[in-house]
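K.L.:
The primary structure of each chain is shown beneath.
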Amino acid sequence: GNSVTQMEGPVTLSEEAFLTINCTYTATGYPSLFWYVQYPGEGLQLLLKATKADDKGSNKGFEATYRKETTSFHLEKGSVQVSDSAVYFCALSEEGYQKVTFGTGTKLQVIP
Amino acid sequence: DVKVTQSSRYLVKRTGEKVFLECVQDMDHENMFWYRQDPGLGLRLIYFSYDVKMKEKGDIPEGYSVSREKKERFSLILESASTNQTSMYLCASREAGTAQETQYFGPGTRLLVL
Numbered sequence: 045g046n047s048v049t050q051m052e053g054p055v056t057l058s059e060e061a062f063l064t065i066n067c068t069y070t071a072t073g074y075p076s077l078f079w080y081v082q083y084p085g086e087g088l089q090l091l092l093k094a095t096k097a098d099d100k101g102s103n104k105g106f107e108a109t110y111r112k113e114t115t116s117f118h119l120e121k122g123s124v125q126v127s128d129s130a131v132y133f134c135a136l137s138e139e140g141y142q143k144v145t146f147g148t149g150t151k152l153q154v155i156p
Numbered sequence: 022d023v024k025v026t027q028s029s030r031y032l033v034k035r036t037g038e039k040v041f042l043e044c045v046q047d048m049d050h051e052n053m054f055w056y057r058q059d060p061g062l063g064l065r066l067i068y069f070s071y072d073v074k075m076k077e078k079g080d081i082p083e084g085y086s087v088s089r090e091k092k093e094r095f096s097l098i099l100e101s102a103s104t105n106q107t108s109m110y111l112c113a114s115r116e117a118g119t120a121q122e123t124q125y126f127g128p129g130t131r132l133l134v135l
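Which chain is which? The protein sequence lines are A and B, in order.
My numbering puts the first residue of the first sequence at 45, with every later residue one more than the last.
My numbering puts the first residue of the second sequence at 22, with every later residue one more than the last.
In case anyone wonders, no lab produced these hints; they're calculated from the structure.
Just so we're clear, the structure is a prediction, and the values are computed from it rather than from any experiment.
Heads up, the beta-carbon is just placed ideally off N, CA and C, and yes, glycines get one too.
Don't take every hint at face value.
As the list claims (entries may be wrong) - Some but not every residue of chain A turned toward chain B, in silico, with C-beta under 8 Å:
1) L88
2) Q89
3) F133
4) E139
5) K143
6) T148
Claimed, not checked - In silico DSSO-like pairs for lysine-lysine, Cα to Cα no more than 30 Å straight-line:
7) A:K143 / B:K78
8) B:K78 / B:K39
9) B:K24 / A:K104
10) A:K151 / B:K34
11) B:K78 / B:K91
12) A:K96 / B:K78
13) A:K143 / B:K92
14) B:K24 / B:K39
15) A:K143 / A:K104
16) A:K151 / B:K24
17) B:K39 / A:K143
18) A:K100 / B:K24
19) B:K24 / A:K143
20) A:K121 / A:K96
21) A:K121 / B:K24
22) B:K91 / B:K76
23) B:K24 / B:K91
24) A:K151 / A:K100
25) A:K100 / A:K143
26) B:K24 / A:K96
27) B:K78 / A:K151
28) A:K112 / A:K143
29) A:K100 / A:K121
30) B:K76 / A:K143
31) A:K143 / B:K74
32) A:K143 / B:K91
So here's chain A without its partners, still in its complex pose:
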């Protein structure tokens, strides 16, 4: 079956530091890949997505590239802010399936 593996958190960074959150996946076909973010006290919201190999999703300074050869979709940001403190979820969705498979989430804390 499908699965998503994320690096364990929490991740604590100083403001303006570089961020990488690793995500690898297992899927039988060619999934679409997503990063969702959950700010404190809120539900999840889409951060970015990529739908085919070598696509790069980007939003709010975050980027992730769909790497089929390494089955990865790592999230990066060049300079984090305190307002980026949240939990980040990697997820995948395959054609023909209604379900979305989520990783366990990685909590990011950015300190001033």
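Dock chain B against chain A, hints included.
P.N.:
Below, chain B without anything else, positioned relative to chain A:
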């Protein structure tokens, strides 16, 4: 602006009570989902629905049931609440179609069962 609302942000119930969690979306989406979120376990799918009156079990359906009488509303029912059902419950909806579609989430209901 798209919106998914959940009936309560916080609920406290006693063991054995019947609990109803309601979710409403205003986007005319065919698909709706109920997840529970627990520390270290991420999101686990309880049930989903792909049309009115249609439902499918997710990964952890035991102890739960669902109802979808109208397209915009998807209810999660805990028939007899137990302490191990203390959790954050998240509802989501999604347009039917391709795997590229985004899920839209409600704010969550934090349920405490005493």
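K.L.:
Taking the numbered hints from earlier one at a time, note which ones the structure violates and give those numbers from smallest to largest.
P.N.:
none
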